[in-house]
Amino acid sequence: MASVAAAAIQQGFTPAEEKILAKVMWRIVPFLLLCYIIAYLDRVNVGIASLTLNGDLGISPSAFGWSAGLFFFGYFLAEVPSNLALQVIGARKWIARILITWGLISAATAFVVGPVSFGAMRFLLGLGEAGFTPGVFLYFTYWFPARIRGTATAAFLLGIPIANIVGAPISSSLLTLDGLGGLHGWQWLLILEGLPATILGFVCFFTLTDKPEQANWLSPDERRWLAGVLAAEREAIATKHPSRLRDAFINWRVLVCAAVNFCAIIGSVGLGLWMPHIIKGLGFGVVAVGFIAAVPYICGAITMMLWARLSDKGGERSWFVASALLVGAASLIVCGYATSSALVSIVALCGAVIGIMCYQSTFWPIPSSFLTGSAAAGGLAMIVSIGNLGGFVGPYLIGVIKQSTDSFSWALISVAAFLALAAILIRLVGASLQRQAGTADGRTVPIAPLSKGI
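Note that the numbering used here has the sequence shown beginning at 10, numbered continuously upward.
Please note: incorrect hints may appear among the correct ones.
Within a straight-line C-alpha distance of at most 25 Å, the following computed SDA-like cross-link-like pairs (lysine to any residue) qualify [to be verified]:
(1) 289 x 412
(2) 102 x 208
(3) 220 x 406
(4) 102 x 116
(5) 289 x 98
(6) 289 x 308
(7) 220 x 40
(8) 220 x 243
(9) 28 x 216
(10) 220 x 25
(11) 322 x 441
By construction, these hints were calculated from the structure, which means they are not laboratory data.
Sequences are here, hints too, so could you generate the full structure?
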């Protein structure tokens, strides 16, 4: 089947093939999107919770940045083993385990009593959630041809802005439950937003299918065509790039992509966790902060889908990634200098989130264009795990600079420098892939028509 698919040269999909891919998209992506909304909410809701949690527990800005960032150390340690386990055990069972684990830990964080126990629970939450995001990226290589993987990835990553659009107002409103049942508002926030993940873990058993060959919701012809297309792509990648696990760990492109992700996540998580404090510093109340914080993510959600579609149809993908990162960097610099104007600051925050969201929706198809087999499982996990260390550096860096300068200005400018560096690094990878014809985005991988794949 793979050889038949590889022999047929076709640059697009027929209407019948598009229909199959749409069926797969609607079957898989909405559920994983819902899971990611909960995942990201449980990851960043401490930003809202800290508006009162820090005072109740006596946590300083730098201590909060340190403790909140410990999530990413746990994530880093367990990321690669978790992704390798998913490859062996299967996405359905392993993602269900991840959901159940992090839901219980997130809810249990409501009972911390100080910075040490808070940091410990954040570390455990990272261990529990590790493998989910790279696992989904790996899972997408089992289901989506390269030409539509950017759109599928962007649809999944809508969970980030949606979690902030929906989560910020809900989270800030839950703070008003302070005193109910003898619990603080931030405790209710963590409990009520943690349990849905555990529930989704059990739903996962009945929702996901590991591979196209097992999909009884596709017809036999549809299964054969999709499996053949994906096998042809894997075969084409394997002819130009090693596919063994150890090859991923010594591939310079993997290491550079990890550095890119590290720099970008410094901006993404750092800004996400501290944005409520930045907005509050502009003179807004606690509940208003939650609603205003949703505005940049509404803008980001709309723009990232358009940017991903342009990337799927456009030229060399690394230019789209670099441009998005530079927009984010420039916006953070403007925000750093415009602290006296609430309107300009909020507009600049919108620009920063737009840049970061567009980066995320267009970056991940790049490493999957030169990784396959065990190298994909290990390489994608390593990119995410090393990158997620930026989730520790970002919040801590901003917290330390804020505490020492009593301003967010230099903190935001420092983060902007990391985004600019990431833009330079991703172009190095893109230029290298351009020199190997057909590997930059997988757009020249031969695709078999449906009628020839049966």
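So, going through the hints one by one against the coordinates:
1. At most 25 Å may separate the alpha-carbon atoms for a hinted pair to count; residue 289 and residue 412 meet this at roughly 16 Å.
2. The hinted pair formed by residue 102 and residue 208 meets the criterion: a straight-line CA distance of about 14 Å does not exceed 25 Å.
3. Restraint check for residue 220 and residue 406: not satisfied, since their Cα atoms lie roughly 41 Å apart, outside the 25 Å limit.
4. Of the supplied pair hints, the one linking residue 102 and residue 116 holds, its CA atoms being roughly 22 Å apart against a limit of 25 Å.
5. In summary, the hint linking residue 289 to residue 98 is not supported, as the alpha carbons are separated by about 45 Å, beyond the 25 Å threshold.
6. Pair hint residue 289 plus residue 308 holds up; C-alpha atoms about 20 Å apart against a cutoff of 25 Å.
7. Taking the CA atoms of residue 220 and residue 40, the gap is about 16 Å. The hint holds against a cut of 25 Å.
8. About 14 Å separates the Cα atoms of residue 220 and residue 243, which keeps this hinted pair within 25 Å; it holds.
9. Of the pairs offered as hints, the one joining residue 28 and residue 216 holds, with about 20 Å between alpha carbons and a cut-off of 25 Å not exceeded.
10. As the CA atoms of residue 220 and residue 25 are separated by approximately 20 Å, the hinted pair is consistent with the 25 Å bound.
11. Between residue 322 and residue 441, the direct Cα distance comes to roughly 20 Å. Compliance with the 25 Å bound is thereby established for this hinted pair.
Comparing the model with each numbered hint stated earlier shows that hints 3 and 5 do not hold.
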